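Colleague: Assemble the whole structure, with the sequences as input and the hints as a guide.
2 protein chains.
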Amino acid sequence: MPTDIEISRAAALLPIAEVAAKLDIPPLAVEPYGHHKAKVAVDALPKRDATGKLILVTAINPTPAGEGKTTTSVGLADALSRSGRRTALCLREPSLGPCFGTKGGAAGGGYAQVVPMEDINLHFTGDFHAITSAHNLLAAMIDNHIYWGNALGLDVRRVSWRRVLDMNDRALRDIVHSLGGATNGYPRESGFDITVASEVMAILCLASDLADLEARLGRIIVGYTADRRAVTARDLNAAGAMAALLAQAVKPNLVQTLEGTPAFVHGGPFANIAHGCNSVIATRTALDLADYVVTEAGFGADLGAEKFFDIKCRMAELAPDAVVIVATVRALKMNGGVAKSDLAAPDVAAVHRGGANLMRHLENLAQFGVPAVVAINRFASDTEEEIAAVRAIAAAQACQAVVCTHFSDGGAGAGELAEAVAALADSGSARFMPLYDDRLSLFDKINTVAKRIYRAEEAVADASVLAQLRRWEADGFGDLPVCMAKTQYSFSTDPTRLGAPSGHVVHVREVRLAAGAGFVVAICGEIMTMPGLPRVPAAEGIRVNAAGQIDGLS
Amino acid sequence: MPTDIEISRAAALLPIAEVAAKLDIPPLAVEPYGHHKAKVAVDALPKRDATGKLILVTAINPTPAGEGKTTTSVGLADALSRSGRRTALCLREPSLGPCFGTKGGAAGGGYAQVVPMEDINLHFTGDFHAITSAHNLLAAMIDNHIYWGNALGLDVRRVSWRRVLDMNDRALRDIVHSLGGATNGYPRESGFDITVASEVMAILCLASDLADLEARLGRIIVGYTADRRAVTARDLNAAGAMAALLAQAVKPNLVQTLEGTPAFVHGGPFANIAHGCNSVIATRTALDLADYVVTEAGFGADLGAEKFFDIKCRMAELAPDAVVIVATVRALKMNGGVAKSDLAAPDVAAVHRGGANLMRHLENLAQFGVPAVVAINRFASDTEEEIAAVRAIAAAQACQAVVCTHFSDGGAGAGELAEAVAALADSGSARFMPLYDDRLSLFDKINTVAKRIYRAEEAVADASVLAQLRRWEADGFGDLPVCMAKTQYSFSTDPTRLGAPSGHVVHVREVRLAAGAGFVVAICGEIMTMPGLPRVPAAEGIRVNAAGQIDGLS
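Going down the list, the protein sequences come from chains S and G. Numbers 1 to 554, taken from the numbering used here, label the letters of the first sequence in order. Numbers 1 to 554, taken from the numbering used here, label the letters of the second sequence in order.
Derived by calculation from the structure, the hints in this document are not laboratory data. Just so you know, not all the hints are guaranteed correct.
In this list, chains with the same sequence are indistinguishable; a pair is considered to hold if it fits within one copy or across any two.
[As the list claims (entries may be wrong)] Dumping the calculated SDA-like pairs for lysine to any residue here, alpha-carbon to alpha-carbon at most 25 angstroms:
no., residue 1, residue 2
1, LYS22, GLY34
2, LYS22, HIS35
3, LYS47, GLU317
4, LYS340, TRP472
It should be emphasised that the depicted structure is a prediction, and the values quoted were computed from it without experimental measurement.
Modeller: The structure is reproduced here in structure tokens:
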């Protein structure tokens, strides 16, 4: 089989205007970026009701064996398109950081890719750069405000707004800036996060339109005064200019799959300290334009799907119609205790043991009232007995499990999955409800997720964390949902506890208020918001070849 | 008269394909960015000889009264177009930093603007962001190399490569990074410059094509080993990925003037520590496609024109055909000692006194063998006697001086200037030669510029600076031209010495080797490479209005 990049390069791409025409997007609403990418001017679209069926693709807990959530999303969208259904795909944009670090690109793989992959993986339409600029403008305005007299009385020890770069650069995690004397300001400790961890990214992805975006930017809390009064971006008169920097970025990007299915690739917030889904604007636009919309959430269903439901769907009033949970025999075997080097050997017992992970996720998804189907992303080494074991696990939860081979066969390999998903979505059986009520206390919300999704004995937090949550409730932030930041590898906070652990304790180390995005982050374990590069970064192998193509991206 | 932004918004823009068609750019070579911007795929253009006439627009030393170099460039290009001549304009891209700081935008003014001004002033086609990414990728790879064992033996005290952001942020001028413990690397002092000061920016603007770009990137010296061996970007295997990040940025951007004249707006290096001209690729492309190419250099002619000739034209083997030197009565009066508040009062004597500045520049331009014409950018308060005084000064140097009113009249206000410039360019009288020979020693080159252009008594430097220059000569960099960094307000290094000072001494405080860009920077005076924001940044007044337009940009 050819490599991802060979497949991508061999593809005959449709002009972007033709892709837009598949969804009846009027030409005036299509702002081309080159010949195969466009921004869609949402304001120039005819007003419609979002009547499309919304299908979430999530997965079991990720393992080094790989699950193929993105490829399944692409394959499913292509299969729905092939069946004559008017379909759109909604994905997140990849970050430059991991691209030059270890991953070398993220736009699906095999015959299930979005294209042009080189563009999507590099600067794309500039959204992440715009977010970086808007974030850092606010940072510059904070220190400038302090420099010119600090009329708002910011406590320089309590400035929480850091800076961002779309780069894996561990050297910037912790810095002291404003050194060098009086003309450079007041030295203080700070640092950089990667752009996907910016609250501006989360805001862009949750905003319903540009006005809502500006309002949310204005609510960002950048720090506190000595008497603990919050200082916001609005207090600094920064929100307008930040919104101006994001005016293009807020428009969804349109590209296509290898099979020409329209794909909105827009926004990409972290899936730990943020909610990990593509933008609300892209999803709503897709639901306006297509009959079936396939979208994806970050990490496994315990983190990704929970946040998709409890944060994105809650805020945007979206009602998903079906869920696809991606599993592989290999990943289930790893969840059942098999080492990565031993995965090639058939081991039905291990599939059954690891199947506890899948079963737990299916139980959890049922709590949200959305019907699910299991996609078995097939590998060549999978045996029929192993596949049958997965089907049995699904059946125990009254779910169908469908084998798909989109990686090697494109949409043709996900035809059965598409029919199963469409039937589920068309059935009208979904009765979506978030896990908890807005009015629950912040800690009770955390505890609810810990107990009902993670199956922990309880969530615990130090008195200072609980006091912080109560202060925010007193300040009027008690209605916000919680955004859990924990390891993606386990239901617990211990990345080595695979399968379906229970009885553990979730320790909330720290809480952060994202007042603009509109959630309270509960940090449970070590969360890295600025990755480093590996010993040999992918960047060392990336270059433009003699034909003008970019080598090394996958 | 309406404001710049009102004029810009009222303009009926041509679709970018029509602008491209004026220069017979084949549609396949036009990569649209929205409806009114495009990248031109130079490789897809038919091979031609660059037979266009090259016209440089420069100015007297800048004063707070304003000279209008960019508006004159735009007005002249429009006037040449109106006269039926096939014309293209080449300008630099503005930086986001000053846009949110004090300037609020830079794309000409009045009826002499390039459009769409909002796009050009904000992210445009993402070139500066690509440069920021490429620069910072190299920085991350340096610290990552040190982190993983420092096989190249970089002396952490001698790493000269800093980071950049396209932002005015004084807090980042001097930082200590890699704090926070072993996982974050080895703490060291460093800092950020603004993106226009990046050597990557200078490289992009001097490269002849993508292959040359990558070769130049590879030659960047990032620091030295303990035994003073240079370590380059190539040693770190970074140049390929940097070039990949710049593959789109290296293509020239096509926009239009208010009158529909094709304008290449591409690249924007600092005019002090770099050479301050738009990209070589844009200029060459324009010369291929148009019969007359109007371009602009930074600051006054002592800095901008000298570097245009001695760095850009020398490296790119360009032979300019004519020079326009922009002067205003008001600016000459300030050079003649009049305070800004007193400029409205007629003062022919002050024009004559300040005219020494213009005369000196005209003498200097003659040394390069390129014929010049003076453009008197007329203000309402100018009297006929004052205008006549300027004409007399020009005549004393055997130059024509032409009044123009493009700011209020567009191209129609620069018709006489266009005829004078075209006649000069068509005359074939230009005999371009750089000021000094490649083989002169580095310090002799500095001294030549100081004496022959700045009319200094001499250039002086500490022994350590002279020793550094000799080391670079020994290392094979002796053939490079020098890039002078000094105040733009005076021929001397003292910004208060206006007019035509002489007999001063140019003190070279520091020298820097830009081995990738291919010049040695001689720093004479305080040079700021990371600006700060003013007390009330322009950003506070920038926002998207209800009509979706961006207010506050000019």
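Colleague: Just pull the numbers of the violated hints for me, sorted ascending.
Modeller: Going through the list in order, the structure violates hint 4 alone and respects the others.
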